[in-house]
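Novice: Sequence:
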Amino acid sequence: MTDKEISWLYELAKHVLRGEMGRTRAENEVKLCQQLIDHCDNLFLDDTFFPHFYCSCFSKNGDSLGQWRAYASDGKGVAIGFNRQYLESFALGHITQLADVKYRTENDFADLKRDIDQAINKLANSQYPFHEDQITSIAVNTEMAWGLLAPFCKNAGFSEEEEVRLVHTAGPVGHSEVDPKNWTA
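So for the sequence shown, the numbering used here puts the first residue at 1; every next one is plus one.
Derived by calculation from the structure, the hints in this document are not laboratory data. Note that the structure is a prediction, hence the values are computed from the model and not measured. Virtual Cβ for every residue (Gly too), placed ideally from N, Cα, C. Accuracy of the hints is not assured; some may be wrong.
[To be verified] Cut-off 25 Å, straight-line C-alpha distance, at most; resulting in silico cross-link-like pairs (DSS-like, lysine-lysine):
| no. | residue 1 | residue 2 |
| --- | --- | --- |
| 1 | Lys122 | Lys31 |
| 2 | Lys113 | Lys31 |
| 3 | Lys76 | Lys102 |
| 4 | Lys102 | Lys14 |
| 5 | Lys14 | Lys113 |
| 6 | Lys14 | Lys31 |
| 7 | Lys102 | Lys60 |
| 8 | Lys14 | Lys122 |
| 9 | Lys102 | Lys113 |
[As the list claims (entries may be wrong)] Between beta-carbon pairs, the in silico distance windows are:
| no. | residue 1 | residue 2 | range |
| --- | --- | --- | --- |
| 10 | Ser73 | His131 | 26 to 34 Å |
| 11 | His131 | Glu160 | 18 to 26 Å |
| 12 | Gly19 | Ala156 | 17 to 25 Å |
| 13 | Gly81 | Glu160 | 44 to 52 Å |
| 14 | Thr96 | His131 | 29 to 37 Å |
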């Protein structure tokens, strides 16, 4: 899994957010959308916020020519099979998950739109004016939801991989219970 793969979801989110900003909206709603766009744009610049993903990638298709060519020295490598139930024993809940990758096209953003609509509705349904920190809080909650989805989203052009990922999401730098410097081979 590469940084570009993680950013795929955020690129789709920016597309949806720009569409939302194009509609006539209240000032607070525009601020919220802009904060979310700024987060997507600065995602990899500020590693004090962005969580670290530790990932193992698997394919449900044990004998794919494309996989052999791309990941096994053009067919000169080896394949190792894993039992999915065994891998699920490592998925300890919220911070470690095993899931099928969801392949998305550039037009596949219904769930992102739903998340944005929910965030905007929190602003619109408030009986009181929102403060900047409340707008930021709504933005952070939306960003956190996307952070859980991002490692399991990929461009639909790779759908032949039939990928399954085991992902451990560690906290931001300095906040992680996993320290890869202590790992041994």
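Novice: Taking the hints in turn, state whether each one holds.
Specialist: Structure-based check of all given hints:
Note on Lys122 and Lys31: the hinted pairing holds, with a Cα-Cα distance of about 13 Å set against a maximum of 25 Å. Taking the CA atoms of Lys113 and Lys31, the gap is about 17 Å. The hint holds against a cut of 25 Å. Distance check on the hinted pair: Lys76 and Lys102 sit about 29 Å apart at the alpha-carbon level, beyond 25 Å; violated. Distance check on the hinted pair: Lys102 and Lys14 sit about 18 Å apart at the alpha-carbon level, within 25 Å; holds.
Simply put, Lys14 and Lys113 have alpha-carbon atoms about 10 Å apart, close enough for the 25 Å limit, and the pair holds. The suggested pairing of Lys14 with Lys31 holds, with an alpha-carbon distance near 14 Å, which does not exceed 25 Å. About 13 Å separates the Cα atoms of Lys102 and Lys60, which keeps this hinted pair within 25 Å; it holds. Only pairs whose Cα atoms come within 25 Å are accepted, and Lys14 paired with Lys122 is accepted, the gap being roughly 20 Å.
With a CA separation close to 16 Å, the supplied pair Lys102 and Lys113 stays within the 25 Å bound. The hinted window of 26 to 34 Å between Ser73 and His131 is violated, with their beta carbons roughly 57 Å apart. For His131 and Glu160, the Cβ-Cβ distance of about 49 Å falls outside the hinted range of 18 to 26 Å, so the restraint is violated. Checked against the hint of 17 to 25 Å, the C-beta distance between Gly19 and Ala156 comes to roughly 20 Å, which is consistent with it.
Between Gly81 and Glu160 the C-beta distance comes to about 19 Å, which lies outside the given range of 44 to 52 Å. For Thr96 and His131, the Cβ-Cβ distance of about 36 Å falls inside the hinted range of 29 to 37 Å, so the restraint holds.
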